[in-house]
Amino acid sequence: MGLPPVVVGLIFYLILSRSGPLGFVGILYTPWAMVIVQTALATPIIAALSHSSIIGIDDIVRKSAITLGATSSQAAVKVIAEARYGIMAAIIAGFGRAIAEVGAILIVGGNIAGYTRVMTTTIALETDKGNFELAIALGVVLIIIALCVNIILHWVQKRGVTV
Amino acid sequence: MELNLSISNISKAYNSKKALNNCSFTFERGNIYCIVGPNGSGKSTLLRISALLEDADRGKVIYQKGSEPLNNSMELRRRITLVFPKGGLFNATVFKNCAYGLNLRRKNKGYIKEKVEETLGDVGLIHKMEQNALTLSSGEAQRLALSRAIVLEPDVLFLDEPTASLDPGSVIIIEKIIDILKKKRHMTIIMATHNMFQVQRLADKVIFLYNGEIIEAADVNKFFDSPDDERTLKFINGEMIY
Numbered sequence: 001m002g003l004p005p006v007v008v009g010l011i012f013y014l015i016l017s018r019s020g021p022l023g024f025v026g027i028l029y030t031p032w033a034m035v036i037v038q039t040a041l042a043t044p045i046i047a048a049l050s051h052s053s054i055i056g057i058d059d060i061v062r063k064s065a066i067t068l069g070a071t072s073s074q075a076a077v078k079v080i081a082e083a084r085y086g087i088m089a090a091i092i093a094g095f096g097r098a099i100a101e102v103g104a105i106l107i108v109g110g111n112i113a114g115y116t117r118v119m120t121t122t123i124a125l126e127t128d129k130g131n132f133e134l135a136i137a138l139g140v141v142l143i144i145i146a147l148c149v150n151i152i153l154h155w156v157q158k159r160g161v162t163v
Numbered sequence: 001m002e003l004n005l006s007i008s009n010i011s012k013a014y015n016s017k018k019a020l021n022n023c024s025f026t027f028e029r030g031n032i033y034c035i036v037g038p039n040g041s042g043k044s045t046l047l048r049i050s051a052l053l054e055d056a057d058r059g060k061v062i063y064q065k066g067s068e069p070l071n072n073s074m075e076l077r078r079r080i081t082l083v084f085p086k087g088g089l090f091n092a093t094v095f096k097n098c099a100y101g102l103n104l105r106r107k108n109k110g111y112i113k114e115k116v117e118e119t120l121g122d123v124g125l126i127h128k129m130e131q132n133a134l135t136l137s138s139g140e141a142q143r144l145a146l147s148r149a150i151v152l153e154p155d156v157l158f159l160d161e162p163t164a165s166l167d168p169g170s171v172i173i174i175e176k177i178i179d180i181l182k183k184k185r186h187m188t189i190i191m192a193t194h195n196m197f198q199v200q201r202l203a204d205k206v207i208f209l210y211n212g213e214i215i216e217a218a219d220v221n222k223f224f225d226s227p228d229d230e231r232t233l234k235f236i237n238g239e240m241i242y
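Chains U and S supply the protein sequences, listed in that same order.
Residues in the first sequence are numbered consecutively from 1, following this note's numbering.
Residues in the second sequence are numbered consecutively from 1, following this note's numbering.
Hints were generated in silico from the structure; no laboratory data involved.
Backbone N, C-alpha and C define an ideal beta-carbon position, used for all residues, glycine too.
Hints may contain errors.
Which residues of chain U face chain S? A partial, calculated answer using Cβ under 8 angstroms [unchecked claim]:
(1) V61
(2) T67
(3) Q74
(4) A76
Cut-off 30 angstroms, straight-line C-alpha distance, at most; resulting in silico cross-link-like pairs (BS3-like, lysine-lysine) [to be verified]:
(5) U:K63 x S:K222
(6) U:K63 x S:K234
(7) S:K128 x U:K63
(8) U:K63 x S:K115
So that you can see chain S by itself, here it is in the shape it has in the complex (with noise of 0.2 angstroms):
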């Protein structure tokens, strides 16, 4: 079921210092976004407001079936996912860790054993099904945070920082499951990320945020090639301030 997604004028301030400003912006599905900028710019913001975790103080997060739009229902909740950065990991095996959200859906049993192995496979923690998720190294954390997600087959994928502080291998590990996603599952993905290389190798689309607003949205050519905005082209660079 096809489920598309669009942010119209969202605005959102933390203290009265603003985090989001009039942000709009219509994802298209299958493809991989990538929400880059500096510190404090909005990504996680973003996020968590695109996710439904948080309420904007202005503006609307549409999701649409077709073009029927959706209420802000369990179920519409049920069919978007955010990692965290850090994981927020519960204290249980890693197999408890990965069934939470197919028990929370009320699936049989056998249909969970056989998602959450398969799920773990894919993400190299088979081997670990029985370990407390507390145990695990970083990388292997973000994996089943990772896992956890996807487990659900989700329409729209969030994801904030998902290699942050990883080693390389990790990082590989973590791209390749993403790839796969897009082009197995064809979801939509909208992840917020620090790493420009990681942009280069998994965007569709880039999104540029600065100081709470959308500077640039590009394909991924073209926001590296040629961006429209001075700004892009300084953080592109590493020549911004901030």
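So that you can see chain U by itself, here it is in the shape it has in the complex (with noise of 0.2 angstroms):
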């Protein structure tokens, strides 16, 4: 389910470096590399999480939507629907991988000032530099913003059982 970061980062920067198989692309330290590195990343957790939430419903679901007249698709949609707050917890868990994300971004990306400098990347730079303040205050700014989206899904979540 989680894969290392930093090998996943490796892997990609073969792949998409001058002489690998789609270097030809050249994406390689451009947020494009980013994206589809964190999307590798975090798909398999959301994936795996997604996948027990839904085999978790209880099949009897699925056959009282086939015998009220869905069709096989329109009740894996209902499957999927009663399993959305298992799916909400699985982007959350997502969506936590990736803001938390340093290595394999740092390979990819290249930490390029104004380009592909993110702030897990910078958070990193500059505690090396010993430029504790900005690091710091990196760190909050981070935390508040994954505290802010962590509220709003789970918000989200809790208004969707009452519904």
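Now that you have both chains on their own, put them together as the hints suggest.
Okay, here's the thing in structure tokens:
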């Protein structure tokens, strides 16, 4: 489920580098490469948690939908809808993974100032430089953003239960 | 429109264990059939296969409009409904649960609102329309499960132990609804139950299943007063050991 980020970053670096199989695309050290590697890291977490949430839905829900006149695909949509809170939790977990990421995006993004430098890589860089004030300030901002997103998602999740 | 159901030589096995063995029967429209039998005798399997939710290993489920046989189409499946013992309610409001089947049939909003409110009124859940279905009591949940099916006005309604583990008050409410469905809407109702008093109160005809075979099928009075098979008598008297 969880992949080692640095290893994933290295693999994508090798794939996207000039001599790699997708080197001709020319996206290494661009935000696109960072998006791709983040997606590769977050997707297995979201998929695995969503899957366990969906298979946790009692089969009687699917059968009920069918006996009430649903087609197989409509019944599948119903089951996914029933698993929506678990899927939301999976998205929260995936977001948590993405927002905390440093190693993989550092490798494929190159930490280029004003282009591929993001908050986490800036914090790592400024800490290395001994510029702790900026690192701590950015860390606080990052935590606030993460908290806000989590609070919103939890609120949506909780609100959904009472619908 | 008349929809007639018959099953012909139905057999079904799960992991080589026989659940049904060569069952044949013709259900007459507008009657209430109670299927009785010990646990594991094949009652629920017979309901699921007859309701086209499962395929039989052998044999046929035949639905006919008059004398014309119908294919297993969505149109046919939307004229029959099965209510499960545990309800299978959705995590949504009582209204949305009840409206689900009508939404699938693309009925207009005004019609859906009117039908759902009328049906929820019939089952005594109109005041809980905006409540989440998963917060209902067992009796209310079973009434909602029933209302979700009857709002669709099916020709054939299958009920799998509709009053299992309910208190006597809830049992009476559900039995009244079933009785009204038969008298007013002339539905064919086929229900599996363990409650022999309920069978006497509701059934027109009784089918006794044992080890996946239909041992006896008779009018309710004959079934209880003078059953043909010795095993039926033992079952009725609670003397059957299985």
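Hints versus structure:
The beta carbon of V61 (chain U) comes within 5 angstroms of a beta carbon in chain S, closer than 8 angstroms, and the hint placing it at the interface holds. Hint status for T67 (chain U): holds, given a least beta-carbon distance of 4 angstroms to chain S, under 8 angstroms. The interface hint given for Q74 (chain U) holds, since its Cβ lies 6 angstroms from the closest Cβ of chain S, which is under the 8 angstroms cut-off. Interface restraint check: A76 (chain U) against chain S, minimum CB-CB distance 13 angstroms, threshold 8 angstroms, status violated.
Straight-line distance between C-alpha atoms of K63 (chain U) and K222 (chain S) comes to about 35 angstroms, which puts the hinted pair past the 30 angstroms bound. Between the alpha carbons of K63 (chain U) and K234 (chain S) the distance comes to roughly 35 angstroms, so the proposed pair goes past 30 angstroms and is violated. For a cut-off of 30 angstroms, the pair hint linking K128 (chain S) to K63 (chain U) stands: about 25 angstroms separates their Cα positions. Annotation: proposed proximity of K63 (chain U) to K115 (chain S) holds, straight-line Cα distance about 23 angstroms (limit 30 angstroms).
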